[in-house]
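2 protein chains.
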Amino acid sequence: MSLTVVGSMAFDALETPFGKTDKIVGGAATYISLSASYFVKPVNVVSVVGGDFDQDHIKLMHERNISTEGVQVKENEKSFFWSGRYFNDMNSRETLVTELNVLGDFDPIIPASYQGCEFLMLGNLAPQVQKTVIERLTRRPKLVVMDTMNFWMDIALEELKETMKLVDVLSINDEEARQLSGEYSLVKAAKKIMAMGPKFLIIKKGEHGALLFNEDKIFFAPALPLEEVFDPTGAGDTFAGGFIGYIASTGDISFENMKRAVIHGSALASFCVEKFGTERLKNLSQEEIDARVQQFVNLVAVDTVVQ
Amino acid sequence: MSLTVVGSMAFDALETPFGKTDKIVGGAATYISLSASYFVKPVNVVSVVGGDFDQDHIKLMHERNISTEGVQVKENEKSFFWSGRYFNDMNSRETLVTELNVLGDFDPIIPASYQGCEFLMLGNLAPQVQKTVIERLTRRPKLVVMDTMNFWMDIALEELKETMKLVDVLSINDEEARQLSGEYSLVKAAKKIMAMGPKFLIIKKGEHGALLFNEDKIFFAPALPLEEVFDPTGAGDTFAGGFIGYIASTGDISFENMKRAVIHGSALASFCVEKFGTERLKNLSQEEIDARVQQFVNLVAVDTVVQ
Chain U
1 MSLTVVGSMA
11 FDALETPFGK
21 TDKIVGGAAT
31 YISLSASYFV
41 KPVNVVSVVG
51 GDFDQDHIKL
61 MHERNISTEG
71 VQVKENEKSF
81 FWSGRYFNDM
91 NSRETLVTEL
101 NVLGDFDPII
111 PASYQGCEFL
121 MLGNLAPQVQ
131 KTVIERLTRR
141 PKLVVMDTMN
151 FWMDIALEEL
161 KETMKLVDVL
171 SINDEEARQL
181 SGEYSLVKAA
191 KKIMAMGPKF
201 LIIKKGEHGA
211 LLFNEDKIFF
221 APALPLEEVF
231 DPTGAGDTFA
241 GGFIGYIAST
251 GDISFENMKR
261 AVIHGSALAS
271 FCVEKFGTER
281 LKNLSQEEID
291 ARVQQFVNLV
301 AVDTVVQ
Chain Y
1 MSLTVVGSMA
11 FDALETPFGK
21 TDKIVGGAAT
31 YISLSASYFV
41 KPVNVVSVVG
51 GDFDQDHIKL
61 MHERNISTEG
71 VQVKENEKSF
81 FWSGRYFNDM
91 NSRETLVTEL
101 NVLGDFDPII
111 PASYQGCEFL
121 MLGNLAPQVQ
131 KTVIERLTRR
141 PKLVVMDTMN
151 FWMDIALEEL
161 KETMKLVDVL
171 SINDEEARQL
181 SGEYSLVKAA
191 KKIMAMGPKF
201 LIIKKGEHGA
211 LLFNEDKIFF
221 APALPLEEVF
231 DPTGAGDTFA
241 GGFIGYIAST
251 GDISFENMKR
261 AVIHGSALAS
271 FCVEKFGTER
281 LKNLSQEEID
291 ARVQQFVNLV
301 AVDTVVQ
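Protein chains in written order, with the working numbering: chain U, 1 to 307; chain Y, 1 to 307.
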């Protein structure tokens, strides 16, 4: 089942209470495609990088059956760069530098070989660019998942709402759900947001887990309580990659299967935060993933409680 | 299986975004005993009130098989009074008034009929008073559960640590776990706190659920996503009452059964927040409770995910 992923491929420079990095590879499409690659082959990436991008990372992507045919390389320009610092609680951060560079006028190109893909993951990007990708696919995918963030709610709300009408699943965090809906209660927020277009809504709550909504149904997936969160960068994208990757591998877009997909996304995200950047996502084994998924299942497992 | 509950019986005056109350009945022992009364009979309360306390509430307690033989009445004094205001997010509040009154020199008396109780719930009180109750029981209960709060960590940390050594289960919220342990990670915090005495630790995370720790085992119970949280007052005590009430009704203090108890405590707490004060806890039906518990089970239910 083919999966196309759209999003940034970038350099990040990170500071956490545990240390700091020079420029390391980051970006939504990077995390999503690596995470999805543990479930489905190929993963087709649409993105744009500068001549400065890390060729070893491109090689790693190819080794993991991630196609970069749709990754434009602008030799004389620089890749998107983001620098941020996390505070002690690891739940809040400040942006130190944002250099759009090649992302500033990103015009996504869909290679012919990507056409006909069954699953589309729109990583965080300008909503107009996300919409363009949907429009440039000659056949509508079986499932379109969109991730976005408060930044676009602040500066491009109308475009965001237009794009939301075209997708099946929206993935945002709890604060973004509140901002987008104007409702504090996440149950009320979810109803309002689903009325804007997406039939399914995922609300990510970081260390507090994730909620999946569809009609009147709610599923809750916990986050795994961890001894150390080393670097939260990319956790949301890694979640999205595991989610869509699992769905693409099964071809099943039922609510029941999406529940399993949320668990798999959560499991992959729990690996992501254990090391800086993409480090932990480069060579996971199937055994590690299965064991981690089982930990999530066990965490909430309880024998029948109603007598 | 007999249960003894120690804690305040008080008047609260509450302001929430949905309205405000005059003085209504509150206090840890009030919520704990009402909640536990849905599972076990009798519930024996040790507390102290002034001559101003609400006699209708005492009658309600008796109707629910809650014994007030251990509730001292100081006719010429006033009951403990607390007044607080919740902010819009309902997760934070400010204290407007605290009048200790009869609670200032509370010297708990254990009636002979309470002696030999198998389960003891120490609601939030000065740790020295909690310790006195344990010492005045002629036989150590099968399980002692202690609830406390940051206030005592600020002003009576050594007494708190002494009392903690004598209990089996400690129940605190996430911020209190961090304060008590000096660790941000709740997994690390739990290890440190269990090394201080309690074999089991419950960390309450409010709208984000609750964690139960024992040795290397972790169980997570979600909170039910609610459309409305009307008044969070007493939710933690109601949780504790459902937890210990369920355990007392089954007589089973295994980790597996404590998991079920956490779900029952969470279910009772989810009723509590639906109305002001104790209103919603006065006449729940078994069908309502069973259905709510089932909602908690369904919320995280997922078919086997590891293939």
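Take the hints with a grain of salt, since some may be wrong.
Since the list gives no way to pick out one identical chain from another, each pair is judged satisfied if it fits inside one copy or across any two copies.
In silico DSS-like cross-links for lysine-lysine, where the CA-CA straight-line distance does not exceed 27 Å [said to hold, decoys possible]:
1) 259 / 217
2) 275 / 192
3) 191 / 41
4) 259 / 142
None of these hints come from the bench; they were simulated from the model.
* **Same-copy or cross-copy closeness of residue 259 to residue 142 [CA-CA at most 27 Å]** => within (18 Å within a copy, 40 Å between copies)
* For the identical chains here, do residue 275 and residue 192 meet the 27 Å Cα criterion within one copy, between copies, both, or neither? -> between (37 Å within a copy, 24 Å between copies)
* residue 259 and residue 217: within-copy, between-copy, both or neither at 27 Å Cα -> Both. Shortest intra-copy (11 Å) and inter-copy (24 Å) distances satisfy the 27 Å Cα cut-off.
* Checking residue 191 and residue 41: alpha-carbon separation at most 27 Å within a copy, between copies, both or neither? -> The answer is neither: 34 Å in one copy and 41 Å across copies each exceed 27 Å.
Violated hint for the displayed structure: number 3, the only one.
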